[in-house]
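So the chains spell out like this:
Protein chains: 2
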Amino acid sequence: MALIVQKFGGTSVGTLDRIRNVAARVKHTRDQGNQVVCVVSAMSGVTDGLIQMAKGLSENPSERELDVLLATGEQQSIALVAMALQDLGVDAVSITGRQAGIHTTGSHTRGRILEMDPALMSQFLAEGKTLVVAGFQGVTPNGMIHTLGRGGSDLTAIAVAASLKADVCQILTDVDGVYTCDPRVVKNARKLPEISYDEMLEMASSGSKVMQSRSVEFAKKFGVIFEVRSSLNHNPGTLVLEEHSHMENVVIRGVSIERAQARLTITGIPDAPGMSGRILGALAEAEINLDMILSNIAHDGFARHSFTMPSSDLGKAQAALKPVLAALAPHSKIETEAGIAKLSAVGIGMRSHSGVAATMFQALGAVGINIGMISTSEIKIAVTVDEPRIEDAARAVHDAFGLDKAPA
Amino acid sequence: MALIVQKFGGTSVGTLDRIRNVAARVKHTRDQGNQVVCVVSAMSGVTDGLIQMAKGLSENPSERELDVLLATGEQQSIALVAMALQDLGVDAVSITGRQAGIHTTGSHTRGRILEMDPALMSQFLAEGKTLVVAGFQGVTPNGMIHTLGRGGSDLTAIAVAASLKADVCQILTDVDGVYTCDPRVVKNARKLPEISYDEMLEMASSGSKVMQSRSVEFAKKFGVIFEVRSSLNHNPGTLVLEEHSHMENVVIRGVSIERAQARLTITGIPDAPGMSGRILGALAEAEINLDMILSNIAHDGFARHSFTMPSSDLGKAQAALKPVLAALAPHSKIETEAGIAKLSAVGIGMRSHSGVAATMFQALGAVGINIGMISTSEIKIAVTVDEPRIEDAARAVHDAFGLDKAPA
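Chains as they are written, first to last, in the working numbering: chain A, 1 to 408; chain B, 1 to 408.
Simulated from the structure, these hints should not be mistaken for lab results. Treat each hint with caution, since some may be false.
[Unchecked claim] Think about it this way: if two alpha-carbon atoms lie no more than 25 Å apart in a straight line, the pair counts; the simulated PhoX-like pairs of lysine-lysine are:
{"#": "1", "chain 1": "B", "residue 1": "LYS55", "chain 2": "A", "residue 2": "LYS129"}
{"#": "2", "chain 1": "B", "residue 1": "LYS220", "chain 2": "B", "residue 2": "LYS191"}
{"#": "3", "chain 1": "A", "residue 1": "LYS27", "chain 2": "B", "residue 2": "LYS55"}
Whenever a hint applies, use it, and build me the whole structure from the sequences.
So this is what it looks like as structure tokens:
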């Protein structure tokens, strides 16, 4: 008898009919001889409705109270899913984040999991019950309700699977799995049977929005094998797991794209210690998430820094830089370029294969696409291109690495 | 600096505008130099909406899960009221039933308060905060969410006031206080400045629906003085407290009426030990709440029992009695009479004044009203009359005791 954690998102429990479908699916898994712990989000729309009420009362509602308010969404879902399961004859019981022993730390609305105490869940499982656990919520050391921020329900599912030593954790969603590239862009993109944690992390941070990085990191840290699969059919999805030996045979696992990026370049920065720190500090204080960061010394002896960021942050970044540059680098200039996109090729095979960058750049050159900035990690090569060419670029690179064909 | 508990019902927090009004009222009380703990119900309509969803999933939803579901209503209210208070500059914090230390026992959806642990509330009060406590909810000894059933938010307010040794507990509602009789029936009914717990209990069990008996009993047990007053104005309401010496000067405190009652009489019961117990047992098993119970021996040597109950229970009562009477008393007969109502005159002064029943019966006789059954307690005389005459009866008795005039 396997212990399976199944996570259902807000769309999957968005109506009473869909809740009945979730219950039927959980029962199906149970009828196959498994124990099931399902983790559910708030019904879609509920969280937004609650936020709207909060904003109707206060422009800047307290984050502690937002946590108390928003946690009710998942609490409603667990009770309703448990009722639907009971109506199908399944002995189900709902479990709040607190009851699941999800102990958190960090500021309100952005909780991080500190430790797990699965005692109550284990007790209910020993009694043969099916558990319905509230995603997205936990409890602080002093007993306050805490939510886990974006992607919090995935994180709950991974953490519950880790604490119960579940055999597998299924993330049931509206996509069939992780693809070699977005199938809306690359028609012959292929669903991956498996992908390593590190590759999944690079894909997530490069625009593949299947899961938030921190859930993948948590799974990697605790060795939780999870599967991204469809909530609408019973097809196998993509297993995400620690890399194993034959995984390196594949040079590139997938290609991901991120649109609506911008570049900001500062020239004429005196080449003195501490300059970069103060410039980056000003951007961090303005809560701008930089992606690529390049720096070098130009012919004139001054330093130049280039950053990429979402286009929507460009104005904020310029405003944040002005005072610090006026003080530190009176001769500096800011150049900006919006309308770019990022293409990333990801694969752990890159470590043991040479010529990956060459293949990629040649493929782009062959279709007449100019490369802007380049950044690399051990398992990723990312480039910026003009946004209108990003889909052509993705198809060219996908073809060049033969990603449409299953590896031998 | 007084500590005041203020309880607001679902209508008072039914919209964002009304939540703002509640916040303004709490701030007003605070600005007068008091510490405030407010207890709130779910926004009106929310609980019914949740119950409807539950019934949409299961004909007979689990009571444990109903508790998990319904408790979200109050949790939303406390967060929203706390936000509204913060928006007015009040340092407010929401408190769930669990955080308020409301430890319960009993079956799900019908919790009873076992003990209170106000440690967290005391800590927040010591920090100068204003507390917003969820009504209607507590936590079982093994950590499950528990709701307190009908009138649960009043009970929470009384219990919180008891545990914090509050100076006063205000039950803010849509009536101005407790009246000598329902002002819709008796035009010159008068708001009572005070009433004893015992009188309030007799009024509550006689159709005055201001509060559930168990909240009054809890207040009496722990000596919590509470005030029933309007949420819509700042007029003083009615203080409910332990009787004191000059309260006995008033013979009758108030008159209450209960409509839609029925009488059921069983004749021809053998006069043998244990008969009454088995008949009453059958009715109790059918969950029929009997009100008056009269019993005597008729000329024929057989016993006769008469009961009153809500008309709506009459059919169920007859069905429950048939098998037991067929077995025990084959010569018995059941007579029923619907369309009656009950009039009760309540007052602790009755103990030390004679002639109360005579005054009451003469007043009814003078307007040509026949009296059906009569029952009495130490502080109450109740009679049944034909339902169409109940309002005349109330006015006649109200006049006879001069209840429209404040006592000297």
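Right, here's what the structure says about each hint:
About 22 Å separates the Cα atoms of B/LYS55 and A/LYS129, which keeps this hinted pair within 25 Å; it holds. Taking the CA atoms of B/LYS220 and B/LYS191, the gap is about 21 Å. The hint holds against a cut of 25 Å. At most 25 Å may separate the alpha-carbon atoms for a hinted pair to count; A/LYS27 and B/LYS55 meet this at roughly 20 Å.
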